[in-house]
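J.: The residues making up each chain are set out below.
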Amino acid sequence: MADHAQAEPHTLAPHQQHQFETMEQQQETSTLGMWAFLVTEVMFFGGLFGAYTVYRYLYPQAFSAASHHLNYIIGAINTGVLIGSSMTMALAVRAAQLGNRRSQVVFLLLTIVLGSTFLGIKVVEYHDKFVHHLVPGANFRFEGPRESQIFFSLYFAMTGMHAVHMIIGIGMLSTLTVLAWRGNFSSQYYTPVELGGLYWHFVDIVWIYLFPLLYLIRGG
Amino acid sequence: MSEHVVPFKIYAVIFATLLLLTLVTVDVATYNFGMMNIYVALAVATTKATLVILYFMHVRYAPALVAVFAAAGFVWLLLLLTFALSDFLTRGWIVGFMG
Chain B
1 MADHAQAEPH
11 TLAPHQQHQF
21 ETMEQQQETS
31 TLGMWAFLVT
41 EVMFFGGLFG
51 AYTVYRYLYP
61 QAFSAASHHL
71 NYIIGAINTG
81 VLIGSSMTMA
91 LAVRAAQLGN
101 RRSQVVFLLL
111 TIVLGSTFLG
121 IKVVEYHDKF
131 VHHLVPGANF
141 RFEGPRESQI
151 FFSLYFAMTG
161 MHAVHMIIGI
171 GMLSTLTVLA
181 WRGNFSSQYY
191 TPVELGGLYW
201 HFVDIVWIYL
211 FPLLYLIRGG
Chain X
1 MSEHVVPFKI
11 YAVIFATLLL
21 LTLVTVDVAT
31 YNFGMMNIYV
41 ALAVATTKAT
51 LVILYFMHVR
61 YAPALVAVFA
71 AAGFVWLLLL
81 LTFALSDFLT
91 RGWIVGFMG
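Chains B and X, in that order, give the protein sequences.
Numbering-wise, the first sequence is residues 1 to 220 according to the numbering used here.
Numbering-wise, the second sequence is residues 1 to 99 according to the numbering used here.
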């Protein structure tokens, strides 16, 4: 048993860690680990969605009235921009799988541009809320139910935390772009691009729920 | 690497479907279905999220254990919301008895 380690000195691929039998096993382990992290992210945002659920149930009129002060056309455009960035991210991962360095860099850069566009539009929206005194606090002015302030608190908390994730994501994408440009990835090893993609798509999913829940409260 | 490379065509179809569903959710919100609005909005959002998870996040092509992890996150979130609502939704029910 003692010489078992020497018995099978399996040769390692360039990016293979010694504890993994194959590159495939290594990749699957990383993917599972990333999903474990994303589950904690679901729980993190889940707290905010839980608070939203309870308060929307308690004050439906206030939520509806407040929601009318969000521009749903801008929100819809931003949803399209973010879905577009998910598309370019998926294509960046695909380019990495195919070992195409050039299109990998191009798609990563496009994802950064679209992500930044989303944040830029968000800045315009936030500015609009400040100008119209819709930011919770001493200067909050709203003609309507006073519980509307709860809606705007949740609006800023939820979209704010989402934006923080976007900013972290853009930092991550920038790093990946440099690594891809240097030719660090190949069709044999592209795990960082794959995991970066998982994170980016997760942030997209959060927004997919935020958009109808915040911008589209009509009727009931 | 043996991982499945998804054809471009599939990504394009998913992308177009996601954009279409965004338009649907905006359009549906202009009608007043009362309480049904929130359920329709959540159904559309969940459909979109499922498409992103299965295709963009490759869960459809990943080992089953990855799918179990992904599902666990959302099931536990559902538990959180269910228990919170089972409290708040039922508070009025006993007012008649308690006075």
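Keep in mind the hints are simulated off the structure, nothing from the lab.
Careful: at least some of the hints might be erroneous.
Covered by chain X, according to a simulated footprint, are these stretches of chain B (three or more residues, beta-carbon under 8 angstroms) [as the list claims (entries may be wrong)]:
1) 53 to 67
2) 77 to 88
3) 139 to 150
4) 170 to 178
Backbone N, C-alpha and C define an ideal beta-carbon position, used for all residues, glycine too.
J.: Hints first: check each against the structure and report whether it holds.
T.: Against the structure, the hints come out as follows:
For the segment 53 to 67 of chain B, the stated coverage by chain X holds: 4 residues have a C-beta nearer than 8 angstroms to a C-beta of that chain, and at least 3 were required. Only when three residues or more bring their CB closer than 8 angstroms to a CB of chain X does the claim for the segment 77 to 88 of chain B stand; here the count is 6, and the claim holds. For a cut-off of 8 angstroms, the count of residues in the segment 139 to 150 of chain B with a CB near a CB of chain X stands at 0, and the three-residue condition is violated. Given a C-beta distance limit of less than 8 angstroms, the hint that chain X covers the segment 170 to 178 of chain B is violated, as 0 residues qualify and 3 are needed.
Hints 3 and 4, counting from the list given before, are not met by this structure.
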